[in-house]
Amino acid sequence: MKTSEAGNPIRTVLMTAAAAVLTAAIMICPGCGSGGKSPGYEAEKALFEARKHAGELTFPNLNREFLDRTLAAYRKIIEDYTGETGSIEGLDLIVVTAQMELAELEFRASMFDDARKDFLHAYEIAGNVPAARANALWSAAFISRESGDTAEALRLFTKFHEEYLSGEKILATARLNRRYLLTPIRIAEICNVMADTDCAGKWLGEAEMTYRHVIRSNASEELRKEARYNLVSTYLLGEEWTKARNTIREMRKIYGNEADIPSLLYLEARVELDGFGNRESAVSVLDRIVTEHPRSKEAPTALLMKGNIFLDEGKYDDAASAYNMVLEEYGGTGPETVEAAWQLAILEERRKNWIEASLHYKSVYTSFPTTIQGLEAPLRIAAHYKGIGETEAMEAAYERAAEHYEHLSSLQYSETIRIVAEEYHVRTLIEQERWEEAAGRLLALPGRYPQYHSFKENCLMAASIYENRLGDPERAAEILQSCAARYPGTPLAAEALKQFERIRESR
Amino acid sequence: MSKVVINDGADAAERRSLARSISSAFQAFHASLTLLIDPRVASPYLIYFIFQILLLAAYLAGNSGRPAHLWALPVGGVTPEMLGHYPAHLLLLQPILGRIEIILEIFLKSLFHGATVYVVARAMRRGKPSLPRAFSAAGRRYPHLLGVSAISSAGVYAAVYLGAWLSSGIEGPAMYAVLGGGIAAGLIVQSLFVYTIPYVMIDGSSAPAAVASGVSLSLRTFMKTLLVVALPFMLTVPTILLDLKAEMIALRLSPDFMIHNHVASKVMELVSTYLITASATVIFLARKVARPAGTSLDIDAR
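Chains A and B are the protein sequences, given in the same order. Every number in our numbering is 681 more than the matching position in the first sequence, counting from 1. Every number in our numbering is 1145 more than the matching position in the second sequence, counting from 1.
Just chain A, with the same shape it has in the complex (with noise of 0.2 Å):
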């Protein structure tokens, strides 16, 4: 074909088709802006989506797919990358990210276990990032904490303190985060639920000495008045009473603006009655914080006290009183409002004026099913018709119950309220004493709810139960055994064990 010096038509076309090949190419490639680039920016990329499947997670109704996925691309980045830290500049702080991102978010699940693993691994690998390392071994001591395993967690509290609050290094810490201040208090409630009252004196000292150490110093006014707040923490934790009471009218003095004036106050009023039990003095105080700062935030807990110390009296109006004013001043959805409301119940059930109180139980958990409150209500209800002996009302008020709890375990409440909603309609069927149900329902919860380690010790609940309950050892024997066989290795199998070895024995 011949070519013409007015051009080739094919030539053009050519053209154009290569114009729109290229342009789907780079339309439809995905990730195609990032090809051959270095192992940091691929990493950063990872780190990106793995956030982005992060954010997708809604909490508290958590899709555990989703949560999978999340986690797996964060355990990529790690496994990927650790090997590279040393070479390149910049990965290592991209891997502790995503070590510190992967046991957040396995906490935000109630994953304790795990989160706690990976905040000591993000500690060890955070040589070069001390904020991280700070943050990471002070929340792998405070899981250890909230799931009740307080040696391992008066160990790490304690390696915090040495590493971190020990000598100059107060303020530097103090400055990474405040909380990491409350370190001594928190070993010290951890000694005393040890009851070894000498770890207990040893830790308060220290943090006093830490306290004071920061209010003397020049660190800024906000990190001074957190160390005093804290000293004065330090004192009711170990009842020095007198000196709490001083520091507290001390700190009235130096912060006498509308913030800190009620909750000062309300300190007061607990060293007033808890220290020196002092009622009337209390009132008094509390009574302050109402008329001075009815808007502060302190003002319905003030109420909810001045309430419970008139209830402790027996002066029933004059409580009644301060709880209605808390429901028409401070009605709402709040947590003082519930407590109110459930107050009330409790003074009229006290006051014998059942009909009143059953009315008050019924609306706290109508209108407030997933409070605690609202959980406790139903079996309060029950427990009253269980004690005078109406069979007949009991038994329809454990139905409510069940009925209330079947509803909270739906998949329209979050995890949380789902799996306490279970541990009460186990604690129904306990009180109905239907064991067999009582045992099945215990030994279906693990499966039902695979993250919650609480749930892991049901079996030897569960064996309880058909070996005291039901009399029937050999069932017990078996569930120990398949419990022991689930979780080799763990405390948890080692007891099974040991209960089964009893029980084989005893036969």
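All the given hints hold, so there is nothing to weed out.
Straight-line Cα separation of at most 30 Å, BS3-like style, residue types lysine-lysine; simulated pairs:
no.: 1; chain 1: B; residue 1: 1411; chain 2: A; residue 2: 733
no.: 2; chain 1: B; residue 1: 1390; chain 2: A; residue 2: 733
no.: 3; chain 1: B; residue 1: 1411; chain 2: A; residue 2: 718
no.: 4; chain 1: A; residue 1: 718; chain 2: B; residue 2: 1390
Just so you know, these hints were derived from the structure itself, not from any lab. A quick note: this is a predicted structure, and the numbers were derived from the prediction, not measured.
Following the hints, put chain B in place on chain A, whose structure we already have.
Okay, now just chain B, sitting in the frame of chain A:
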């Protein structure tokens, strides 16, 4: 001596009737699209489009070392190191390539405007459009093309940026109204200069003469010209709106969206620019009586 005969009677009739202006504008679009039966008519802009895509590919490929230093130059506050990070590299695509394309629009694209006017005019006169000849003709007229492009681009950008500047600090519907006002002013400025390239390429006018004649012709055929500029511009509105929120969408969806959005806006720009230039050339030529063959202004002779 040969003369260009201007059909002023038709202009006057169109000025009196909006319907006639709309009808004329659509006839120009129809003629422009009909010319595409010979794909060479659209080739100059297609070549420019391919160049834009290659520029994008070069940006995506070179985010470190010396290329990164070059990419960082056009936008103040951007460092080469920033381009080595994800998603910053993709989020900066829009401002960096946008700045570069402003310069290319004046210095390079004017050549492609000229070549397009040439091939459209050849096709209308039932001649064979030749790309080498088109670019050769545009090359010869380059200083004048550059002159008119610089003036019209400065006018359009000034109007649009004035709107953007005035809208900063305002929120909600008022912001969109001011921003829209700036874009409308930009469209009016663009319609005033839309005939300057046909004057340079077909009539052989110098840049100042082409500006004077082009603005004059534009004012005489104002409504029709405004429609010829504004209607194809509407094709680019979706991508302009996406551009405004591109960063937010990219962060939520995927930073690769910046690439897709950029390509989409270049495709829309290709279609819209062809329609405006070709339709303006069609209107320009339709108002003339062809010159005798062999004269200096006989486009077929070039």
